[in-house]
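Trainee: Chain residues, written in single-letter form:
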Amino acid sequence: MKGAVVSESLRAEESEGDQATGTLARGVSAAIGAWVVPGFGHLMLRRWTSAAVYFVCVGGLAFTGLFMRGAVFGPGAPDMFDRLGFFADIGAGGFYFLAQLFHGIVPDIAHASGDYGTRMFATAGILNLLTVLEAFEIGSGRRT
Amino acid sequence: MTVLAVARNHFQAMLVFAFVVSVAFAFLTKRGLSERARYVLWAFLAFLLVAIGLGWVMYPFSR
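Those protein sequence lines, which keep their order, are chains A and B. Read in order, the letters of the first sequence are residues 1 to 144 in our numbering. Read in order, the letters of the second sequence are residues 145 to 207 in our numbering.
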């Protein structure tokens, strides 16, 4: 019974999103919103469930990675892999900039948990880039 | 505060990673609750199976 109610709400969420016509401007603004605050782009498109899930998933991965003492890469690194890491990390948008405030957490990539943390933060960024693409496609009417 | 309470060891870290990524992929690729639930279960188990399988395969090289 409860599952049916949730299923109905999901269907209502999707049909509500379908009613609005997509435009390029709507897609771009949703994509920017989705990058700045993970899930916010879907919130702008009235996809409540997706917005909450993406916020929790990206934020959960980013903070788990950070508290496992993973490295968060900065811009202008001389090493190619560090630069790739930066592009993955910056995908997390607001969480990347929030991570800069945690000066007390020193990265510890000499141990496996710190290395896992680095991968987790990068995964959060990549996942958020996928949600940005989805927000753009829904907003511009290319996807329902 | 070296490690989050939800990931006290490497296996727990892998469980958290597998679950979160499975849920995000399910919402990105599937529509409808039942389809998403099935996908989460399938992807989560696949993550675990592949990770444990690779662990077994690489075990002899760790010595």
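FYI, nobody ran anything at the bench for these hints, they're computed from the structure. Glycine included, each C-beta is placed from N, C-alpha and C at the ideal position. One or more hints might be untrue.
Claimed, not checked - Interface residues of chain A toward chain B, partial, derived using beta-carbon atoms under 7 Å:
#1 Ser50
#2 Asp79
#3 Leu130
Trainee: Run every hint past the structure and note whether it holds.
Mentor: Hint check results:
Annotation: Ser50(A) was flagged as interfacial toward chain B, and the flag holds, the nearest CB pair being 5 Å apart, inside 7 Å. The interface hint given for Asp79(A) is broken, as the beta carbon of that residue sits about 25 Å from the closest beta carbon of chain B, more than 7 Å. About 6 Å separates the beta-carbon of Leu130(A) from the nearest beta-carbon of chain B, less than 7 Å, and the hint is met.
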